[in-house]
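Asker: For reference, the chains in residue letters:
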Amino acid sequence: MFAPAPFLLKNTSVSQVMLQVCIALVPGIAAYAWLVGPAILVQLVIATLTALIAEALMLRLQHKPLAMFLPDGSAIVTAWLIALTFPPLAPWWLVVTGTLFAIVIAKHLYGGLGQNPFNPAMVAFAVCIVSFPALMSQWPSIGLQASLIEQINIILGFSPRIDALSGATPLDAMKTALKLGEGGIDVAQLLANQDIYGNFAGRGWEWVAAGYLLGGLWMWQRKLITWHTPFAFIGAVTLISGALWLYNPAQFANPLFHLFSGGTMLGAFFIATDPVSGCTTPRGKLIFAAGAGLLTYIIRVFGGYPDGVAFAILLMNLCVPVIDLLTQPPIFGMKDKA
Amino acid sequence: MISREEFKTIAGKGIWKQNSSIAQILGLCPLLAVTTNAVNGVMLSLATILVMAISNLAVSALRNFIPHEIRIPVFILIVAALVTVVDLLFNANLHELYLVLGIFIPLIVTNCIVLARVEAFAAKNPPLQSTFDGIFMGVGMLWTLALLGAMRELIGAGTLFGGIDMVFPSLHPIQLLPESYPNFLLAMLPPGAFILLGCMIAWKNWMDARAAERAKLKPPAPVAMAGSH
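Those protein sequence lines, which keep their order, are chains A and B. Take the first sequence: its letter number 290 is residue 290 in this note's numbering, and every next letter is one higher. Take the second sequence: its letter number 191 is residue 191 in this note's numbering, and every next letter is one higher.
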């Protein structure tokens, strides 16, 4: 792995890092499968297979040795992030399309691992939500769980029951209700609806987010990621949501709700920390993640999409070269701004 | 007037070697904006061909009378007059299509490829050659826009030749993919145009690289050998 000065050699290979990232995702996935539905496991398998096939194909086209690059696991991490950000009951081809777009266009057409300016998983999400907005906003209602067989049937397109089982995400439900209520309804009333909302955020989803937090903290403890990115991301979301919540608690949900809703935790620990498409300098990481957190909040609260993590990360990806250039750490022994 | 060789060079340059869209990358604004289907692309290209052929002819015929210092305003005036004619023709005869293409017909005036050919070719070459250059540069644009439009339409909506009833009222678009095809909307949106155009440019570069490699492998032509004896 590359890091800026002091260039201490860490003897870890890409595949070891990627394997540990996958392990860190396990608590979140376990909570997801347990509370939201086992369909996510099917989607993970579909995404992983698609990613590996696409990766092998693209490596063949570039005459790169398969044995060296395929097992590096970067495609698997991308695939898992795609499966985790897509609706779990989405038809199989949606995840396949997203994964193919991520691996073929967002990753390999830009030069492969280490060259892609945009986070492939977030490109997949953005492409699919722009192309198939209806399918991308059908999220399963926590209260109405179908059996695994029925969930698989829905994913494979044999069962049309998706409409009966799905609804908006807690974030989206809150935004829509607040918009329709036109000030006559306040957040506390909405949060009292135990069908959608749980103890501190979306029912069920709050524990999925907690699982990501746990995995993320483990990655930080293992020194796979530095504290900068998650700290700045979560800090920015907390600050802006806290400020608006203090200003008008009836119209803006509290920071805890925003931290444990949607993709905040996944974004802060697993997506914004992507070493390829994110910043590499420590100060750059702070700016990058704070910008991403701020944009996430603005898009999810004031924008038209259910969540803002994907677009926030992609927009900040655009700024990475400039941020990295302006935040170069001083050379050892020199004064700052030498 | 014009030799066979000269004609072939002009045609080859316009259609492939200096193709306005995938080699010179000029005139991207109409290219990206109107190619949501093949018919729009073809019709805009036909309008551009008409403008380019006549403007090249006019500029070439007048090239010895236009003062060098003010040539650009003069060129633009000639092109603008022709575009006005085409604009009124479209409005009168293909009114529905005129509404779809909208601002992009008047904007042919500012299309870089028109001014580029007038300045780079017609101002330096005789009228016949200039006319052919205008036509073939337009043909190069026509097939790229048609191909890009067809691809975007097929991926984005599963149809081909959508909007053909605006040109020939008796014809209908072809539904190529089944009705259940989930329209991949991205192809119809601007990013889809950029991505597909990028793929077409890559394809041209790949074909050229392959052709260059083959030319290298070929043994020297026998005519050259005969000369060395």
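These aren't lab readings, by the way, just hints derived from the structure by calculation. Remember, it's a predicted structure, so these values are computed and weren't measured experimentally. Heads up, the beta-carbon is just placed ideally off N, CA and C, and yes, glycines get one too. Some hints could be false.
[What the hints assert, rightly or not] Sample of chain A residues at the chain B side, in silico, Cβ under 10 Å: (1) I105; (2) P133; (3) L135; (4) V187; (5) L191.
Asker: Hint by hint, say whether it matches the structure.
Answerer: Hint check:
1. Residue-level restraint check for I105 of chain A holds (minimum Cβ-Cβ distance to chain B is 7 Å; threshold 10 Å).
2. The interface hint given for P133 of chain A is met, as the beta carbon of that residue sits about 8 Å from the closest beta carbon of chain B, less than 10 Å.
3. Taken as an interface hint, L135 of chain A checks out: its beta carbon lies about 8 Å from the nearest beta carbon of chain B, inside 10 Å.
4. A distance limit of 10 Å between C-beta atoms decides the matter here; for V187 of chain A the minimum to chain B is near 34 Å, and the interface restraint is violated.
5. Taking 10 Å as the C-beta contact cut-off toward chain B, the hint placing L191 of chain A at the interface is violated, the least distance being around 35 Å.
The structure does not agree with the numbered hints 4 and 5 stated previously, though it agrees with the rest.
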